[in-house]
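Q: Build out the structure end to end from the sequences listed, making use of the hints.
Protein chains: 2
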Amino acid sequence: MQEKLNVVPFVSVDHMMKLVLTTGVERFVTELAAYIEEDFRRWQSFDKIPRVASHSAGGVIELMPTSDGETYSFKYVNGHPKNTRSGRQTVTAFGLLADVGNGYPVLLTEMTILTALRTAATSAVAAKYLAPKGARTVAMIGNGAQSEFQAIAFKAILGVDKLRLYDIEPAATARCQKNLAGMGFEILACSSSQEAVEGADIITTITADKQNATVLTDNMVGPGVHINAVGGDCPGKTELHRDILLRSNIFVEYSPQTRIEGEIQQLDRDHPVSELWQVIAGKAAVRSKERQITLFDSVGFAIEDFSAMRYVRDRLEETGLYEQFDLIADPDEPRDLFGMILRAAKTKPVTAKVEAS
Amino acid sequence: MQEKLNVVPFVSVDHMMKLVLTTGVERFVTELAAYIEEDFRRWQSFDKIPRVASHSAGGVIELMPTSDGETYSFKYVNGHPKNTRSGRQTVTAFGLLADVGNGYPVLLTEMTILTALRTAATSAVAAKYLAPKGARTVAMIGNGAQSEFQAIAFKAILGVDKLRLYDIEPAATARCQKNLAGMGFEILACSSSQEAVEGADIITTITADKQNATVLTDNMVGPGVHINAVGGDCPGKTELHRDILLRSNIFVEYSPQTRIEGEIQQLDRDHPVSELWQVIAGKAAVRSKERQITLFDSVGFAIEDFSAMRYVRDRLEETGLYEQFDLIADPDEPRDLFGMILRAAKTKPVTAKVEAS
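These protein sequences, in sequence, are chains A and B. Residue 40 in our numbering sits at position 40 of the first sequence, with consecutive numbering throughout. Residue 302 in our numbering sits at position 302 of the second sequence, with consecutive numbering throughout.
In case anyone wonders, no lab produced these hints; they're calculated from the structure. Some hints here could point you the wrong way.
The list makes no distinction among identical chains, and a pair is therefore deemed to hold if it is satisfied within one copy or across any two copies.
What the hints assert, rightly or not - In the EDC-like style, the derived pairs of lysine to aspartate or glutamate whose C-alpha atoms are separated by at most 20 Å in a straight line are:
#	residue 1	residue 2
1	Lys-178	Glu-38
2	Lys-82	Asp-336
3	Lys-178	Asp-336
4	Lys-162	Glu-26
5	Lys-162	Asp-243
6	Lys-346	Glu-275
7	Lys-289	Asp-218
8	Lys-346	Glu-26
9	Lys-128	Glu-333
10	Lys-82	Glu-333
11	Lys-346	Glu-333
12	Lys-178	Glu-333
13	Lys-346	Asp-14
14	Lys-82	Glu-70
15	Lys-48	Asp-99
16	Lys-82	Asp-99
17	Lys-346	Glu-169
18	Lys-283	Glu-26
In this text, all values refer to a predicted model and were calculated from it rather than measured experimentally.
A: Below you can see the structure in the form of structure tokens.
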């Protein structure tokens with residue numbers, strides 16, 4: 001696909017929206033989930049480190065690299081809960097794939113939208129393995145930017161068609177309900193999280209406050225429920241009461257990172273957890289007893305971004321939804337970087353001062 | 001400068017070349033060196049970690065983040081010594097500055113060219129503090145892509161005007177000599193590294209092999225010389241014989257990283273070294289005795305990239321040498337990411353399948 005060495009296919013926000021729309025959101029998350037499952041199944045072929053976080057008073061900026069030995073990926077992502085006050089996104093992101101063999105980028109893509117899709121797809125993959133069979137009702141506490149993506153992924157992959165929504169801001173719930181109208185959901189807007197969880201097979205918590213909160217208390221979670229805990233993803237940012245964790249069979253993405261960032265930061269360092277890939281690969285059991293609560297303590301891991309970018313890359317040729325982007329220098333003679341500048345002085349309409357010593 | 005929240009100023013390779021050319025290489029490295037010095041002087045205000053490296057058989061891909069609490073930066077850079085065989089650069093890079101307060105990128109820039117300039121500027125800053133006074137002759141072993149930038153930085157900042165060049169490939173030396181013609185240097189192409197170092201005040205080693213090599217042996221380095229060791233910058237990649245290190249007063253950028261990557265990986269973990277910023281800030285002495293060899297064991301550190309991007313950013317408004325780049329999503333209502341996609345379905349000429357459930 002790349003004609004010249006110096007240009008990288010770039011998927012802008014605009015192209016990503018077109019890719020999602022022409023594909024259809026349900027098909028997009030379903031295909032993306034298959035990529036995630038495939039990569040989780042070969043988990044041991046990836047280099048893994050906890051993401052590299054730079055924390056500040058207002059939020060966090062993170063780099064999330066991984067590599068399978070052939071392809072390298074990283075994502076840049078921020079999380080700033082107060083951003084909405086200035087009309088900005090809480091989370092924005094972009095990512096890059098590169099060829100491990102020569103280090104050259106092969107894809108640059110927006111990932112604000114793609115992160116919401118991959119987070120939803122990962123939640124749905126986890127629920128496919130962990131939730132009670134036949135689950136059709138999801139309670140969703142926190143109806144912010146990621147909520148519709150979560151709902152659609154659960155519908156596409158698990159057949160969920162009943163939503164019980166709650167947010168501390170009723171306008172958020174109304175917006176989520178409106179956006180999902182006509183997509184085949186039966187939606188109930190609830191006035192409390194207690195009301196939302198009533199009769200739910202799956203409880204999704206996806207709030208944005210950067211602090212330890214108690215979105216769910218112990219008495220709200222009945223036996224056999226699957227909890228999809230998405231919002232607690234920073235040191236000092238959790239959503240569940242510790243007692244719920246003690247009753248649950250806990251599944252994480254990559255435990256060294258989740259110990260730092262997830263709900264399990266509330267537990268002892270040696271509290272037993274399983275990694276989701278182990279379940280997918282048939283190496284870990286889901287329940288040790290009937291009607292056990294399962295908890296997917298999701299913080300988001302680099303391999304999910306790798307899968308998402310791999311999927312987007314595989315769609316480029318067919319859709320043409322990208323542009324060519326001149327990100328890196330490509331001199332004719334690769335050792336002659338300076339000569340490239342000298343030659344540019346002769347061909348480009350600039351005042352060349354380079355030869356004045 | 002930013003009119004819209006979702007667009008980021010982007011400096012392409014083309015714009016970077018124009019920026020360098022309109023500025024003049026000497027002025028560019030001189031001003032860049034002043035930014036580096038300023039940031040090294042306030043070293044303690046930065047978050048610092050060794051770069052995050054992903055090693056493979058053919059090379060390395062690295063992420064280099066830092067932050068001063070107001071501005072965050074990271075660079076993506078690869079090092080693949082065999083790339084030149086396929087017409088590619090050994091080193092390519094790009095970087096990003098972001099606002100720590102909201103996590104939004106404020107600059108995306110090519111850094112293949114900029115890295116060569118910042119490496120040269122850092123070498124010259126180090127030599128300004130460490131090299132013998134009145135140094136005019138530099139031996140340069142390794143005449144690859146970074147060599148001309150090094151020469152010009154030493155000329156601009158130290159007044160060096162005599163170059164003694166050596167490379168195992170005579171064509172590289174010839175190219176370097178040709179590129180620097182007419183810039184006020186007296187240049188001698190040498191047929192061995194032994195010949196190159198004769199009478200040099202400063203010895204720069206800047207070879208690219210990813211292995212332990214011995215570009216300089218102990219007997220080649222006379223008293224009082226300053227060594228600017230640039231090429232050894234990976235685990236298992238060094239250029240100097242260990243005996244030289246034992247005779248030298250050693251200066252590094254950030255010791256936790258240099259212990260892993262620099263010449264000093266050959267020494268005990270507790271071998272005394274000083275950090276360059278300590279010299280600049282007046283907190284460390286250069287020599288404990290007359291005519292001592294000084295060694296700048298340079299591997300490249302994130303703060304230098306921060307300085308370089310800060311400099312480029314400060315030049316944007318005046319030069320206009322950038323474009324606006326749609327890197328991140330910016331919905332009108334920040335919590336309504338999904339709604340942005342729905343609205344796009346109504347306004348963009350695509351087959352919208354999103355509402356089909």
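Q: Between Lys-283 and Glu-26, at a C-alpha cutoff of 20 Å, which is it: within one copy, between copies, both, or neither?
A: Result: close neither inside a copy nor across copies, 29 Å intra and 61 Å inter.
Q: With 20 Å as the alpha-carbon cut-off, assign the pair Lys-346 and Glu-169 to within, between, both or neither.
A: neither (61 Å within a copy, 27 Å between copies)
Q: First find the shortest C-alpha distance between Lys-289 and Asp-218 inside one copy, then the shortest across copies, and answer within, between, both or neither for a cut-off of 20 Å.
A: within (19 Å within a copy, 70 Å between copies)
Q: Should Lys-128 paired with Glu-333 be assigned to within, between, both, or neither, using CA atoms and 20 Å as the limit?
A: Answer is neither: 52 Å inside a copy and 32 Å across each miss the 20 Å cutoff.
Q: When Cα atoms must be at most 20 Å apart, do Lys-178 and Glu-333 count as within-copy, between-copy, both, or neither?
A: Answer is between: at 14 Å across copies they meet the 20 Å cutoff, but 57 Å inside does not.
Q: Could you place Lys-82 and Glu-70 in one of the four classes (within, between, both, neither) given a Cα distance threshold of 20 Å?
A: Cα proximity of Lys-82 and Glu-70: across copies only (16 Å, versus 38 Å in one copy).
Q: At most 20 Å between CA atoms: does that hold for Lys-82 and Glu-333 within a copy, between copies, both, or neither?
A: between (49 Å within a copy, 14 Å between copies)
Q: Within, between, both or neither: how does the pair Lys-82, Asp-336 come out at a Cα-Cα threshold of 20 Å?
A: between (47 Å within a copy, 15 Å between copies)
Q: Could you place Lys-346 and Glu-333 in one of the four classes (within, between, both, neither) given a Cα distance threshold of 20 Å?
A: For Lys-346 and Glu-333, the Cα distance is within 20 Å only inside one copy (17 Å; across copies 48 Å).
Q: Up to 20 Å between alpha-carbons, please classify Lys-346 paired with Glu-275: within, between, both or neither.
A: neither (58 Å within a copy, 41 Å between copies)
Q: From the Cα coordinates, with 20 Å as the cut-off, is the pair Lys-178 and Glu-38 best called within, between, both, or neither?
A: neither (34 Å within a copy, 53 Å between copies)
Q: Since the copies are identical, ignore which copy is meant and state whether Lys-162 and Asp-243 lie within 20 Å (CA to CA) inside a copy, between copies, both or neither.
A: neither (27 Å within a copy, 73 Å between copies)
Comparing the model with each numbered hint stated earlier shows that hints 1, 5, 6, 9, 17 and 18 do not hold.
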